[in-house]
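**Q** Here's the letter readout for the chains.
Protein chains: 2
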Amino acid sequence: MVELEEPVQLTQAELPAQEECMEVVEELPSQGSHIPCGQCSMCATSLGCDRCVYPCTAGCNQLEAMLKKKNAVLVDGVVLNGQTIDSKAREQFFEKAFRMIIEEAVCKATDVTEKVCEWQPPEKLKKLLDLELRDSGEPHQTLLQLCQSVIHYSVKTGHPRFFNQLYAGMDHYSLVARFITEALNPSVYTYEVSPVFLLVEEATLKKMIEFIGWKEGDGIFSPGGSISNMYATNLARYKCCPDVKERGLSGVQRLVMFTSEESHYSMKKAAAFLGIGTQNVYFVKVDDRGKMIPEELEEQIQRAKQEGAKPFLVCATAGTTVLGAFDPLDKLADICEHHGLWFHVDASWGGAALLSKKHCKLLKGIHRADSVAWNPHKMLMAGIQCCALLVKDNTDLLKRCHSAGAKYLFQQDRCYDVRYDTGDKSIQCSRRADAFKFWLMWKALGTRGLEERVDQALALSRYLVAEIKKREGFQLIMEPEYANVCFWYIPPSLRNMEQDQEFWQKLHRVAPEIKERMMKKGSMMLGYQPHQGKVNFFRQIVISSQVRREDMDFLLDEIDLLGKDL
Amino acid sequence: MVELEEPVQLTQAELPAQEECMEVVEELPSQGSHIPCGQCSMCATSLGCDRCVYPCTAGCNQLEAMLKKKNAVLVDGVVLNGQTIDSKAREQFFEKAFRMIIEEAVCKATDVTEKVCEWQPPEKLKKLLDLELRDSGEPHQTLLQLCQSVIHYSVKTGHPRFFNQLYAGMDHYSLVARFITEALNPSVYTYEVSPVFLLVEEATLKKMIEFIGWKEGDGIFSPGGSISNMYATNLARYKCCPDVKERGLSGVQRLVMFTSEESHYSMKKAAAFLGIGTQNVYFVKVDDRGKMIPEELEEQIQRAKQEGAKPFLVCATAGTTVLGAFDPLDKLADICEHHGLWFHVDASWGGAALLSKKHCKLLKGIHRADSVAWNPHKMLMAGIQCCALLVKDNTDLLKRCHSAGAKYLFQQDRCYDVRYDTGDKSIQCSRRADAFKFWLMWKALGTRGLEERVDQALALSRYLVAEIKKREGFQLIMEPEYANVCFWYIPPSLRNMEQDQEFWQKLHRVAPEIKERMMKKGSMMLGYQPHQGKVNFFRQIVISSQVRREDMDFLLDEIDLLGKDL
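In the order they appear, the protein sequences are chains A and B.
Residues 1 to 566 (UniProt numbering) are what the first sequence spells out, left to right.
Residues 1 to 566 (UniProt numbering) are what the second sequence spells out, left to right.
Calculated from the structure, these hints are not laboratory results.
Any given hint could turn out to be false.
[Said to hold, decoys possible] Selected chain A positions facing chain B (Cβ under 8 Å, derived; list incomplete):
{"#": "1", "residue": "Gln120"}
{"#": "2", "residue": "Lys124"}
{"#": "3", "residue": "Val193"}
{"#": "4", "residue": "Phe211"}
{"#": "5", "residue": "Gly213"}
{"#": "6", "residue": "Pro242"}
{"#": "7", "residue": "Gly365"}
{"#": "8", "residue": "Tyr408"}
{"#": "9", "residue": "Gln411"}
{"#": "10", "residue": "Val418"}
{"#": "11", "residue": "Pro491"}
{"#": "12", "residue": "Pro492"}
{"#": "13", "residue": "Ser493"}
{"#": "14", "residue": "Arg495"}
{"#": "15", "residue": "Asn496"}
[Stated by the list, open to error] Far from chain A, by Cβ distances over 10 Å, these chain B residues were calculated:
{"#": "16", "residue": "Glu138"}
{"#": "17", "residue": "Lys156"}
{"#": "18", "residue": "Val196"}
{"#": "19", "residue": "Thr278"}
{"#": "20", "residue": "Pro294"}
{"#": "21", "residue": "Gln302"}
{"#": "22", "residue": "Thr321"}
{"#": "23", "residue": "Gly405"}
{"#": "24", "residue": "Arg414"}
{"#": "25", "residue": "Glu452"}
{"#": "26", "residue": "Asp455"}
{"#": "27", "residue": "Gly473"}
{"#": "28", "residue": "Phe554"}
[As the list claims (entries may be wrong)] Partial selection, computed: residues in chain A whose CB lies under 10 Å from chain B:
{"#": "29", "residue": "Glu104"}
{"#": "30", "residue": "Lys115"}
{"#": "31", "residue": "Asp135"}
{"#": "32", "residue": "Lys331"}
{"#": "33", "residue": "Ile335"}
{"#": "34", "residue": "Gln385"}
{"#": "35", "residue": "Leu409"}
{"#": "36", "residue": "Leu445"}
{"#": "37", "residue": "Ala459"}
Using N, Cα and C, we set each Cβ at its ideal position, and we do this for glycine too.
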């Protein structure tokens, strides 16, 4: 029952007088001969081009012509008399632009004989692109050239030799889905405005939950694994101290969360953002394969308790960023159960292995998690961004934790079951339909197709590892479990050196130098980093189903070619 | 200088024996006649169709055929011998799908003679769509039908008669840009991997900052105005108590933030998420036009101080969600200056008026803000999502507040100026290139074109207001300043009633009933809500440049038609 009161009574004085804001065409001062005004916004000529979108607002033939049309009305200097957009010209532009996108950003961008990138340093690239935003618009031909330059100078992340990040490749089904969502421009907060995409999200989450091994659960697609991890942190906090939502953390016992030294930096960002504090993230030591050591976790929990702090969350990682390591989930789950802690698994990168009968054992125990972050935009190639946060709870925890109950958006007197409205589960208001691209891809390939994608990427990684072992000058950092192949390239000049400090200092500079050379050549892209005391090494990520065995061979040949004189 | 240590020495035993993981084709058991395996993942037939993407993994002709190719290698049951995707079939699918998208999701979806929505209740829609994800993929023809259904049953937010949310319409230039970013699939964290899009973001932010009236500043595009408001809250907190980033809020004096009763619900969500607590959002009273009353803000600040709490942030709204009201920024800035409080302006909705010489006075004083949230995806039609958080500070506050300094991603030994890497300003890791669609649209239309877009929308709103005043049975809630036109429709049966409780109760049910009827008919969509003690009223939002004066007339005619028997 809403509160009722008298409506605000509007006096006529409060309303603008009609003559102030509107004139019909007959009342316009008659214009003699045409006076060019130079304000045609599309062509910047004085006469108005034939594809003008907007009429000039001051006296040129466009305004005159438009006002002569039937029922023209002038309000606040704006002519309101029907369609003002020249849709034909726009459609032609659209058609040409689309052709270019297909040729340049789809076909050429995934063609192994083309360059991965067209490197230019920032200051030079600024000159090559016309970045400035001006008062007048550019003609279509200029816009098309601009789009072509944008594509030309962009890194081709769909190229078979882009091995630089934890995502790569191009999936045509996902791309079709993404074009559909861009055209339809939905926002998934209410069933009313996004009926299909909300049901698609529900179906996709349900299927992902099935692969995690939960009987039921809840979830939401979020703009990134980092945000998913923040959701998990907030859920864990809410479960542990529900009052914090209303009262805040001030005056509350210090809360402590646990994650491994190898976990993603977003856990630190989550702690900072949520007011927990980065010092209250206790980093747990890992073994020499990058996996969290359960005994160390136990020790850290004891430490926090002895300090008088309140442990509330353990984040395990399934597929670490650099090494691709999987924490021992079962053992960590035991510890969380014992201490009554929320168990979150950041499977943003490794979650894809759940779809592979051969590799799902990497995530053994994940069904014991309270929440899971899983990004199908990484290994499964669904396109940036596609990130699910999945929650085992089935008591509407997501909603209770995040709701604000805005009446203007989530009315209860709707003609459908408002439980389909997901907006109050989210920290966002408008939210993209990211589930759809994954769902369509899954429809197209089936679970088996997705499984084969994972199996192929991991088989290629194993092949690369075997080749690295065979070749002189390549040294594997460690045997990978997943698609991260980490290795040093040791140029001939260093091969017979004693491995002293000078050697490591020199080796540290090898990867950046080779990276710079490959970028400038545009032949491929892979990452490097120093890590846990080790000097810069390459991190090769194999994902895309367009990658061939030959590309693995090429990668090693090319590193050798680029670095043999170092 | 990195820490150096001995590399991990790998023993041969740790590496998988080559024979375990790899067999060349000669070593495969010879297969006699073809044994269909039924596992062709694409066509689900036993023989493999001619557009198979993946070979069967168990004994069918596909595997045999592939292994006969030169240099075939079998690793972990996966054949690695070159391109495995039938790109021709995919391209054909892609071409057909694109045609359909243009016809159904672009042309028909924006055609005023077509329906805005094809309403189905959730349970029925589930049956109409084949949502289930299966082991096998669907053939292309089925996928095309599926895409068609998805479009058919989706709400057409680009339709000229979609007035339901604070975004609407379709801009063809933005759409081209969005197709480009979907095809290129960038993530804007480092210049290395996103050179063009980072420069485009920089140029766009710079121009927006110019319109706010700052001499310099910083900013970032974020996934939604709610997240922008969270950024602002965190920046304000960091400025006030920098230690909180590391130490957290536990033990810190209670922090209080201020926003109006009419502000967006995301401020409450921000307080909950950031650990400040919703009770520590002090809601400031508004006047009868929905504007924050400065004297009430002053009182609330005094109250917080008297309670021993620490005020840290005032959030003003430029364009409230329901009424479209603008807070008096200059007066609020005075108060913030006096008390040394961070002054954030949530101009997610109203920011567009900055581009209009005629209407920018609505935001007078915005240059005095410390941060501004502004969503070009709303009034300016850039497409969901396109949201900037702009910050006046030029001392790298965004980065200092949000950085985690991940070495694997933000190496300092790169061949370019790493200040172009934006990743550490963000709470996200991967981040979409949302600035690009706005930038291309701005390039295409020029500032003048964007200005005319705003002026046209507001002129249409004024026209609608004048029509509402003329017509019997329509009652304006209040004179709008912006594009929110709020009104009641009073059906003939209520027109001569005394305005007692029964009248209001009956009127309360009118808008939901008309809304249901218009949804089921598919003729248009506009929102309604109860608000501040007033019973359900319609909130009509005018945005799209495809909307004509005739659509305003239609809207009122249609409401009358649908509701006259109530």
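**Q** With 10 Å as the threshold, tell me whether Arg414 (chain B) passes as away from chain A on beta-carbon distances.
**A** Incorrect as stated: the minimum Cβ-Cβ distance to chain A is 7 Å, not above 10 Å.
**Q** Against chain B, run the beta carbon of Pro491 (chain A) and see if the smallest gap drops under 8 Å.
**A** Cβ of Pro491 (chain A) sits 16 Å from chain B, so the hint is violated.
**Q** Checking hints one by one. Is Val193 (chain A) an interface residue toward chain B, by the C-beta closer than 8 Å rule?
**A** 5 Å, holds
**Q** Closest CB-CB distance from Thr321 (chain B) to chain A, is it above 10 Å?
**A** Per Cβ check, Thr321 (chain B) is inside 10 Å of chain A; nearest 6 Å; violated.
**Q** For the hint on Leu409 (chain A), just tell me whether its beta-carbon gets within less than 10 Å of chain B.
**A** 8 Å, holds
**Q** May I ask you to test the interface hint for Pro492 (chain A) with respect to chain B, counting a Cβ-Cβ separation under 8 Å as satisfied?
**A** 18 Å, violated
**Q** Beyond 10 Å from every Cβ of chain A: is that where the Cβ of Val196 (chain B) lies?
**A** Violated, because the least Cβ-Cβ distance between Val196 (chain B) and chain A comes to about 5 Å, which does not exceed 10 Å.
**Q** With 10 Å as the threshold, tell me whether Lys156 (chain B) passes as away from chain A on beta-carbon distances.
**A** 7 Å, violated
**Q** Beyond 10 Å on every Cβ pair: is that true for Glu138 (chain B) relative to chain A?
**A** Violated: least Cβ distance 5 Å, not greater than 10 Å.
**Q** So Phe554 (chain B) supposedly isn't at the interface. Is its beta-carbon more than 10 Å from every beta-carbon in chain A?
**A** 12 Å, holds
**Q** Answer holds if the nearest beta-carbon of chain B is closer than 10 Å to that of Gln385 (chain A); otherwise answer violated.
**A** Cβ of Gln385 (chain A) sits 6 Å from chain B, so the hint holds.
**Q** Minimum Cβ separation between Gly473 (chain B) and chain A greater than 10 Å?
**A** 14 Å, holds
When each numbered hint is compared with the structure, violations occur for hints 2, 4, 5, 6, 7, 10, 11, 12, 13, 14, 15, 16, 17, 18, 19, 22, 23, 24, 25, 26, 30, 32, 33.
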